[in-house]
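Protein chains in written order, with full-length UniProt numbering: chain A, 1 to 349; chain B, 1 to 128.
One thing to keep in mind: the hints can contain errors.
Derived DEER-like restraints, expressed as beta-carbon distance ranges [what the hints assert, rightly or not]:
hint, chain 1, residue 1, chain 2, residue 2, range
1, A, F188, B, Q27, 57 to 65 angstroms
2, A, Q275, B, N126, 48 to 56 angstroms
3, A, F188, B, S60, 53 to 61 angstroms
4, A, P113, B, E2, 33 to 41 angstroms
5, A, E11, B, G75, 14 to 22 angstroms
6, A, R252, B, N126, 53 to 61 angstroms
7, B, G75, A, E181, 47 to 55 angstroms
8, B, F73, A, S46, 55 to 63 angstroms
9, A, E11, B, A45, 48 to 56 angstroms
10, B, L122, A, V276, 20 to 28 angstroms
11, B, T98, A, R252, 31 to 39 angstroms
12, B, M10, A, Q192, 37 to 45 angstroms
13, B, W127, A, V45, 48 to 56 angstroms
Counterexamples of contact, computed for chain B against chain A with all Cβ distances above 10 angstroms [stated by the list, open to error]:
hint, residue
14, L22
15, A96
16, Q101
Read the hints as simulated data drawn from the structure, not as lab findings. What you are looking at is a predicted structure, and each value in this text was computed from that prediction instead of being measured. Positions of the beta carbon are idealized from the N, C-alpha and C atoms, including for glycine.
So the chains spell out like this:
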Amino acid sequence: MPSASLVRRLEEPDIEVVSCHALSADEQLLALCPNSEDIVIFRLVSEKYQRVAVLSKHSQRVSGLDWSCHGRLLSVSEDRTAFVWEQDSQGTWRSSNVELKAPRAALCAAWAPDGERFAVGLSSKDTALCHWEPEVSCWVAWKVGKSKAAITAVAWHSSSQYLATGSTDRHCMVYDVSLAEEGRSPSFGTPQVTEDAAAWINAIAFSNGNVLAFACQDATLRFKALSGGRDAPVQLLRWRGLPFLCLAFVGRSQLVACGFDYVPVLFLQNEGTWQVAGSLDAGPATPSAASGMRDSFDEARKRFRGSTSGKVDATSSWHSNTITSCCPLGDGRFSTSALDGTVLVWEVS
Amino acid sequence: MELSAEEWKMRSAQTKAKVEELLKSRQGREALAEALRDPPYSAPAETKDQAAKTLLLAMSAFREAEIKDATAFLGEEAQNLLMKYLYRFWGQSLPAKTNAQLFVWHAALVSQAGTGCIVRVLYDWNWP
Chain A
1 MPSASLVRRL EEPDIEVVSC HALSADEQLL ALCPNSEDIV IFRLVSEKYQ
51 RVAVLSKHSQ RVSGLDWSCH GRLLSVSEDR TAFVWEQDSQ GTWRSSNVEL
101 KAPRAALCAA WAPDGERFAV GLSSKDTALC HWEPEVSCWV AWKVGKSKAA
151 ITAVAWHSSS QYLATGSTDR HCMVYDVSLA EEGRSPSFGT PQVTEDAAAW
201 INAIAFSNGN VLAFACQDAT LRFKALSGGR DAPVQLLRWR GLPFLCLAFV
251 GRSQLVACGF DYVPVLFLQN EGTWQVAGSL DAGPATPSAA SGMRDSFDEA
301 RKRFRGSTSG KVDATSSWHS NTITSCCPLG DGRFSTSALD GTVLVWEVS
Chain B
1 MELSAEEWKM RSAQTKAKVE ELLKSRQGRE ALAEALRDPP YSAPAETKDQ
51 AAKTLLLAMS AFREAEIKDA TAFLGEEAQN LLMKYLYRFW GQSLPAKTNA
101 QLFVWHAALV SQAGTGCIVR VLYDWNWP
């Protein structure tokens, strides 16, 4: 039975839900969006997160946040804009403009591992790949890929040369986004891998060992070992519970998936096959109800009619609502944010 | 599987014959497994209806007490496919007695495959 211990917990009285968050790799800076147009920034001060800034430049909900390895914060929003934030010497957060050329909402965003470029998944069925143009002092977008529906997930390969996108048209694509001396390489934008899943893609992740994992809305996980080439077989893993919304690789052969079930679930690779290892959440209190009850129809019917038994069902999980995003932190650590308004940092034991 | 409409029709007729044979020799579980093999996702509408009828025939051979063991016997893919068919049947205005029996199958499948099985009925693009 795998388990993870809670390293840190953030709960603020005025933050009711967290729709997305990003934690920098050194865990010093936390940015989150409380399902509004604002971004709240916290800094780690003696093991507690203290609020240091509220960034209010967006006019619609912030849909994606990511920290680069250089400490820049990327924020994208449903207002069709994106900003790159940096702290200046006085500690003020200043934004750089991003020419996103997005006719529709931005849904997800990710920095390349080398921190030089970032990708934004758009509702207009393509992805914007942005790089810094010093002549105009602005981040400028190149459009990558064509899809039949909105791009809901983006993930970079560790080499920063390949970008994976997942869409509600049920396809997962990996594009070559390498650069040559003068700009884009001749193979820029060519799809390298195309995978058809049976349902919307909710999340994608690349492992350090070249495994591509994507989570679909039909409560499945699909794994593709890219070392086997573009036609490598896809392993389909059906999950017993509700769909996953976010994925994070916490080791070469360890994947954490979180979603509507309130708990992070660990998956391990055993000799090439991925298997469920189990839920990582033992919860703050010993559960008084049997763990099988969540699946039981009788329990669900009772709750629907409002006639649950007198004793309070002890929450057997740290999060009490859907987990909305999950950030890998390296060394078996990851952070999760949920609709219950908390952000937790976990360490897999 | 990618087959032409004609090939699907033939395959569906073959499955029906096999299932009827297995039911005659009282091999209910094998009949069920046979009816759930090779789902006709890309077949034309009449062939899909035919496949659904064959499955209903195989399912009706089970008594209520045997249903739980029958579902345990099925593989993961077959369990998920059966759940999709259950929802298809409920949408078909079958007689109330049949509908009630299908609930027993539903409960047995949920205890085997969990709520993920139901989620797949809603979000999996392939529909039998």
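Quick rundown of the hints versus the structure:
Separated by about 59 angstroms at the C-beta atoms, F188/A and Q27/B satisfy the suggested range of 57 to 65 angstroms. At about 24 angstroms, the CB distance of Q275/A to N126/B disagrees with the hint of 48 to 56 angstroms. A hinted range of 53 to 61 angstroms for the beta carbons of F188/A and S60/B is consistent with their spacing of about 59 angstroms. Under the hint 33 to 41 angstroms, the C-beta atoms of P113/A and E2/B, about 39 angstroms apart, fit the expected range.
The given range of 14 to 22 angstroms is broken by E11/A and G75/B, whose C-beta atoms sit roughly 44 angstroms from each other. Between R252/A and N126/B the C-beta distance comes to about 33 angstroms, which lies outside the given range of 53 to 61 angstroms. For the pair G75/B and E181/A, the supplied restraint of 47 to 55 angstroms holds, since their beta-carbon distance comes to about 54 angstroms. Hint check: F73/B to S46/A, Cβ distance near 58 angstroms, so the stated range 55 to 63 angstroms holds.
The given range of 48 to 56 angstroms is respected by E11/A and A45/B, whose C-beta atoms sit roughly 54 angstroms from each other. For L122/B and V276/A, the hinted distance range of 20 to 28 angstroms is satisfied, since their beta carbons lie about 21 angstroms from each other. For the pair T98/B and R252/A, the beta carbons lie near 51 angstroms from each other, so the given range of 31 to 39 angstroms is not met. Range check, M10/B to Q192/A: Cβ separation about 39 angstroms, and the 37 to 45 angstroms hint holds.
One distance hint, 48 to 56 angstroms for the beta-carbon pair W127/B and V45/A, holds here, with the actual separation near 54 angstroms. Taking the minimum C-beta to C-beta distance to chain A, about 27 angstroms, the non-interface status of L22/B holds against the 10 angstroms cut. With a cut of 10 angstroms on Cβ distances, A96/B stays outside the contact zone with chain A, its closest approach being about 20 angstroms. Under the 10 angstroms C-beta cut-off, the non-interface status given to Q101/B relative to chain A holds; the minimum distance is some 16 angstroms.
Taken one by one, the earlier hints fail for this structure at numbers 2, 5, 6 and 11, listed in ascending order.
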